[in-house]
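The listed protein sequences correspond, in order, to chains R and L.
Heads up: the first sequence begins at 1 in this note's numbering, then just goes up one per residue.
Heads up: the second sequence begins at 1 in this note's numbering, then just goes up one per residue.
Don't take each hint at face value.
[Claimed, not checked] Residues of chain L clear of chain R, computed beta-carbon distances all greater than 12 angstroms:
1) Val13
2) Pro14
3) Gly16
4) Ala17
5) Val19
6) Ser20
7) Ser26
8) Gln38
9) Ser53
10) Gln64
11) Ser69
12) Tyr71
13) Asp78
14) Ser82
15) Asn95
16) Thr106
[Said to hold, decoys possible] The following label-pair restraints were derived from C-beta to C-beta distances:
17) L/Tyr51 with R/Arg73: 46 to 54 angstroms
18) R/Gly62 with L/Gln1: 45 to 53 angstroms
19) L/Ser40 with R/Arg55: 29 to 37 angstroms
20) R/Phe69 with L/Gln1: 31 to 39 angstroms
21) L/Glu5 with R/Asn59: 15 to 23 angstroms
22) L/Pro109 with R/Gly58: 17 to 25 angstroms
23) R/Leu95 with L/Ala17: 31 to 39 angstroms
[Claimed, not checked] Per the computed footprint, the stretches of chain L lying under chain R, defined by three or more beta-carbons under 8 angstroms from a beta-carbon of chain R, are:
24) 29-35
25) 41-51
Read the hints as simulated data drawn from the structure, not as lab findings.
None of these values were measured; they are calculated from a predicted model.
We treat Cβ as the ideally placed atom computed from N, Cα and C, and that holds for glycine.
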Amino acid sequence: KAGVTQTPRYLIKTRGQQVTLSCSPISGHRSVSWYQQTPGQGLQFLFEYFSETQRNKGNFPGRFSGRQFSNSRSEMNVSTLELGDSALYLCASSLASEGQPQHFGDGTRLSIL
Amino acid sequence: QKEVEQDPGPLSVPEGAIVSLNCTYSNSAFQYFMWYRQYSRKGPELLMYTYSSGNKEDGRFTAQVDKSSKYISLFIRDSQPSDSATYLCASYTGNQFYFGTGTSLTVIP
Chain R
1 KAGVTQTPRY
11 LIKTRGQQVT
21 LSCSPISGHR
31 SVSWYQQTPG
41 QGLQFLFEYF
51 SETQRNKGNF
61 PGRFSGRQFS
71 NSRSEMNVST
81 LELGDSALYL
91 CASSLASEGQ
101 PQHFGDGTRL
111 SIL
Chain L
1 QKEVEQDPGP
11 LSVPEGAIVS
21 LNCTYSNSAF
31 QYFMWYRQYS
41 RKGPELLMYT
51 YSSGNKEDGR
61 FTAQVDKSSK
71 YISLFIRDSQ
81 PSDSATYLCA
91 SYTGNQFYFG
101 TGTSLTVIP
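Using the sequences and the hints, build the whole thing.
Structure below.
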């Protein structure tokens, strides 16, 4: 069974630009969550999508947005990039039943110059 | 106070040692507990998954949950250099997962 696939693996952008990251969940998984991981802060929750609807949202500014398609694939968009947005962005999928664990992709490493 | 607290280490042990990794949590509503292992340049990999209190064993790994003290532990027996990674504890409630910041472990051959 294929795991969670994230593309691209690496991205270099400059301040002010925008970026879109993509995530394909494990087949059958309907919940997709996005996290930002940095050395100092660890994993910080961005948002979760289930059945094309945002079900939970973390404490990130509106520059961070996402969406989920009918096939459960998800995209995350960051507009007006800032230097502090440099991080590893991780996508995780789960069956979305009570307490089912999340499975992560290998992330997209975003660097802002 | 973060929902899940974890000592970041780093922790360095000789090959063959027993490793103990620990987390505490604050929300008594947590029922599901997980441990993930993350190698450099990779995403977190699910290692152990437990429900409520008690122990769960899988090969060299044992996960332990003590709900009375809100304490989560992961024990690694006969540690190997390939166990060198960052270990993250996690819990779940209300459709959201909460992660510790991770403990960096190095097993020295």
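A quick look at each hint next to the structure:
1. No Cβ of chain R comes within 12 angstroms of the Cβ of L/Val13; the nearest lies about 22 angstroms off, and the non-interface call holds.
2. Under the 12 angstroms C-beta cut-off, the non-interface status given to L/Pro14 relative to chain R holds; the minimum distance is some 26 angstroms.
3. Distance check for L/Gly16 against chain R: the nearest CB is about 29 angstroms away, which clears 12 angstroms, and the non-interface claim stands.
4. Even its closest Cβ contact with chain R, about 25 angstroms, leaves L/Ala17 beyond 12 angstroms, as expected for a residue assigned away from the interface.
5. With a minimum CB-CB distance of about 20 angstroms to chain R, L/Val19 clears the 12 angstroms threshold, and the non-interface call stands.
6. Non-interface call for L/Ser20 relative to chain R: holds, since the shortest CB-CB distance, roughly 20 angstroms, exceeds 12 angstroms.
7. Chain R leaves L/Ser26 outside its interface by the beta-carbon criterion, the shortest separation being 16 angstroms against a cut-off of 12 angstroms.
8. Not every CB of chain R is more than 12 angstroms from the CB of L/Gln38 (nearest about 8 angstroms), against its label as outside the interface.
9. For L/Ser53, the condition that its CB be more than 12 angstroms from all CB atoms of chain R holds, with the nearest at approximately 14 angstroms.
10. Consistency note on L/Gln64: stated as away from chain R, and its beta-carbon is indeed over 12 angstroms from all of that chain's, at 17 angstroms minimum.
11. Even its closest Cβ contact with chain R, about 21 angstroms, leaves L/Ser69 beyond 12 angstroms, as expected for a residue assigned away from the interface.
12. Distance to chain R confirms L/Tyr71 as a non-interface residue, since its nearest Cβ pair spans about 19 angstroms, more than 12 angstroms.
13. Annotated as non-interface, L/Asp78 keeps its C-beta farther than 12 angstroms from every C-beta of chain R; the closest such distance is 25 angstroms.
14. Listed as outside the interface, L/Ser82 is consistent with that label: its C-beta sits roughly 18 angstroms from the nearest C-beta of chain R, beyond the 12 angstroms cut-off.
15. Once the 12 angstroms rule is applied to beta carbons, L/Asn95 is inconsistent with being away from chain R; the minimum gap is 6 angstroms.
16. Listed as outside the interface, L/Thr106 is consistent with that label: its C-beta sits roughly 16 angstroms from the nearest C-beta of chain R, beyond the 12 angstroms cut-off.
17. At about 30 angstroms, the beta-carbon gap between L/Tyr51 and R/Arg73 misses the expected band of 46 to 54 angstroms.
18. A C-beta distance of roughly 27 angstroms is found between R/Gly62 and L/Gln1, which places it outside the suggested range of 45 to 53 angstroms.
19. Between L/Ser40 and R/Arg55 the C-beta distance comes to about 31 angstroms, which sits within the given range of 29 to 37 angstroms.
20. Separation of R/Phe69 from L/Gln1 is about 37 angstroms and conforms to the stated range, judged on CB atoms against 31 to 39 angstroms.
21. At about 18 angstroms, the CB distance of L/Glu5 to R/Asn59 agrees with the hint of 15 to 23 angstroms.
22. At roughly 40 angstroms, the beta-carbon separation of L/Pro109 and R/Gly58 lies outside the given 17 to 25 angstroms, and the hint is violated.
23. In this structure the hint that R/Leu95 and L/Ala17 lie 31 to 39 angstroms apart at CB holds, the actual value being about 36 angstroms.
24. Chain R is given as covering the stretch 29-35 of chain L, and this holds because 3 residues of the stretch bring a CB closer than 8 angstroms to a CB of that chain, at least three being needed.
25. For the stretch 41-51 of chain L, the proposed coverage by chain R is satisfied: 8 residues have a C-beta within less than 8 angstroms of a C-beta in that chain, meeting the threshold of three.
Hint check: violations occur at hints 8, 15, 17, 18, 22; the rest are consistent with the structure.
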